[in-house]
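Protein chains: 2
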Amino acid sequence: MSDKKKIYKPKAISGFPEWLPEERLVEQRWFDHIRKTFESYGFCSIETPSVEEIDVLLAKGEVDKEIYAVERIHKDEDDSKESRLALHFDQTVPFARYTAQHFNELVFPFKRYQMQRVWRGERPQMGRMREFYQCDIDVINVDNLSINYDAELPAIIYEALEGLNIGRVQLRISNRKILMGLLDSLKITDHVSITRIIDKIEKLEAHQIEQLLSDEGLNKEQIAKVSTLAQVKGSVDVIRNLTAENDLMQEGIDELTVVLDNLSHLPDHGVVGDLSIVRGLDYYTGTVYETQLLDVPEFTGSVCSGGRYDDLAGGFINKHLPGVGISIGFSRLFDILRQTSPEKLGIGPKSPTDILVYVENADDSAKANETARALRERDFNVEVYHPVKKWEKHLKYTEKKQIPFVWYPKADGHEVKDMSNSNTTASDPKTWSKDND
Amino acid sequence: MSDKKKIYKPKAISGFPEWLPEERLVEQRWFDHIRKTFESYGFCSIETPSVEEIDVLLAKGEVDKEIYAVERIHKDEDDSKESRLALHFDQTVPFARYTAQHFNELVFPFKRYQMQRVWRGERPQMGRMREFYQCDIDVINVDNLSINYDAELPAIIYEALEGLNIGRVQLRISNRKILMGLLDSLKITDHVSITRIIDKIEKLEAHQIEQLLSDEGLNKEQIAKVSTLAQVKGSVDVIRNLTAENDLMQEGIDELTVVLDNLSHLPDHGVVGDLSIVRGLDYYTGTVYETQLLDVPEFTGSVCSGGRYDDLAGGFINKHLPGVGISIGFSRLFDILRQTSPEKLGIGPKSPTDILVYVENADDSAKANETARALRERDFNVEVYHPVKKWEKHLKYTEKKQIPFVWYPKADGHEVKDMSNSNTTASDPKTWSKDND
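Chains H and D supply the protein sequences, listed in that same order.
Here the first sequence is numbered in the working numbering, starting from 1 and rising by one per residue.
Here the second sequence is numbered in the working numbering, starting from 1 and rising by one per residue.
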């Protein structure tokens, strides 16, 4: 070994973000709030491994997400006998696999949330990452699942997002049965292609949508009916008064009405029936959700989306398991706000410390430690400033980290300095509170 | 596409554990407690990406851990231009890299904790996993770092582990300078080999250790002195009274004395000076820690370990950055208790729900939702039992999930059933508490 120091200067890996301590503190606050909201509705947490067998990830057919394979650098013979592994690209497939695998040990309806990292090998760009957190919440049941869960999920999501203090949140809800019913009544069979076109309604002009529908072979009457329906947007009464062309369409209208009715406790801007919402994924069969941040124009598209699926875990178990779920694209939301409106994140201190305890010289450290313990017992976060240095140094440290109070243990009693106004007052660690300094 | 349902029956992937909801609830309680303890000492959280450039992971030379490489399944030309990525095998290397990379934006001494998954492609066996959580806590500073941090870390770890209610915890602490000083005084130059032998002292008989030392070329006197020192175990006074053979050994004795003195507030069983502790890794330069669970005999070895390092991030930045850190092998601890003494985990309910609100029939769901909201506002976790089914069904669900209370909203007032004693009492969601049912 050579004694010369070899430096490997590290650089950020594109698409794999990491935050500074002060940003991470806000991220933790967000996670805590979302988790608390999910749990307040009785959802339990699960976590699945970061990897799945590649066969599990592909069980629903070729996936359009870019998958990361995982492989030991020092492969041996045993490795070739084992299944190939890959990082999961969402939490829905792992959740379906988990439900099937542990079916006999779960209680149904199974209500779970999941807040983990997922990986997608896509080209990184603003708000699109290769490693990011999702916060998913789903209910799954055997054979049938009450439509009331379709209404409960957006209520939870509204509360979760609203509590982040990032401005007004709007849930946009539709039911795919309405459009599918209309298409059936118009004898249009290629539901997938039409759905994909409707999905672009926000991004294209009306005449462009009409052109695309025409390209799919729809006649004028069909185009008119489809685009008129897709433009329906409004309160529960607007939806309730739609005229159904057949049973499927009526079923969709009825379900959407129940969902919107159940959300009547939300403020007016908070929820809207919007038949342009169809979601690309073909496993959705009824209710579909998107969510808009009305006060964050930089955030285009839906911050969290989801819907009802008829039989999600069907690829893994011989049971009929309908479910409904929503997923918050957590890291994308966090990063866009971090970059465009950091004031909305409320980034502040660089640590959770409430009080810094000063140590005058090495001999005082026992007293400082004891003081800190007494304050911790009263639920303050307390650090002892061990480096015995020049007096100004601990104040600079306190300021930089935005620690609100400095504590001076002294032989003849204690003193506390309030950093917000530089006032110093005598105090006692056993009775002190932030308000009576 | 065929209509026939193709089932891919999923199986567990060896070494990649996942827990049932009731186990996960305990895991969350553990994480929450450890996090709270770390924060109460003013440590901030960071998270790093799951991957690092392979060059970063190997910056300290060939690693004995089995590394998992990560690669897009659909590679293209761009991929070959980028650095190769691999999952991190610990949190120490990423922490060192993070500190170097964000050096100018951090405040020193930088006190951080990190609770993430790490990956090692080792042969899985009881308590040894390929994906697992570690809880790390480290302090790093520029140029020098007070010995008081060496004492603070074990105090934090003691509190963190003790609060998990898994029996008595014992910190075993040494200082490598003591043994290194002795070896120098005996003119023994191959510190690494001797350290590796001392590291086996718990597993081998005394004569086996002596044989190994003899194989290394030590003479009788050297063997006697080294093994006598390695058997020193006791309170701070035992350490204080050791006779130093040179300055380095005295420095080690002094440092260990300060550390043990600072831990005098812990119970007698809680901390011991133990010179057989050396830790295998050669980057430790002073204080070293191991931790024993005195009441969990199934857990062999150290549940959390660490020590002082002279210059951890030196491979990444041209600064001298000494640090001290400890890592809890979280998942190993959790899994061994889960398998061998589940009663110590206190596994109970399958969800965080406090109260289940019953819905008599579909028309009542608005009232049920409103009741649930009122209870949630008072910080209860409340689920509405949406499936309108046979009466017994909701009670079975409540029992299976171990939900403590069932709430019956009725037109003429509310009733609550306490599942622990089957008593039903009239109540009001705006004033009810768990104690006055």
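Be careful, since some hints might not be right.
No distinction is drawn between identical chains; accordingly, a pair holds when it is met within one copy or between any pair of copies.
Claimed, not checked - For lysine-lysine, the following DSSO-like pairs were computed, each having C-alpha atoms within a straight-line distance of at most 27 Å:
id, residue 1, residue 2
1, Lys319, Lys200
2, Lys434, Lys36
3, Lys200, Lys344
4, Lys203, Lys233
None of these hints come from the bench; they were simulated from the model.
27 Å Cα threshold - placement of Lys36 relative to Lys434: both (26 Å within a copy, 19 Å between copies)
Lys319 and Lys200: within-copy, between-copy, both or neither at 27 Å Cα: neither (35 Å within a copy, 53 Å between copies)
Intra- versus inter-copy proximity for Lys344 and Lys200 (alpha-carbon distance at most 27 Å): neither (30 Å within a copy, 55 Å between copies)
Within, between, both or neither, where Lys203 and Lys233 count as close if Cα-Cα is 27 Å or less: For Lys203 and Lys233, the Cα distance is within 27 Å only inside one copy (16 Å; across copies 73 Å).
Of the numbered hints given earlier, the model fails hints 1, 3; all others are met.
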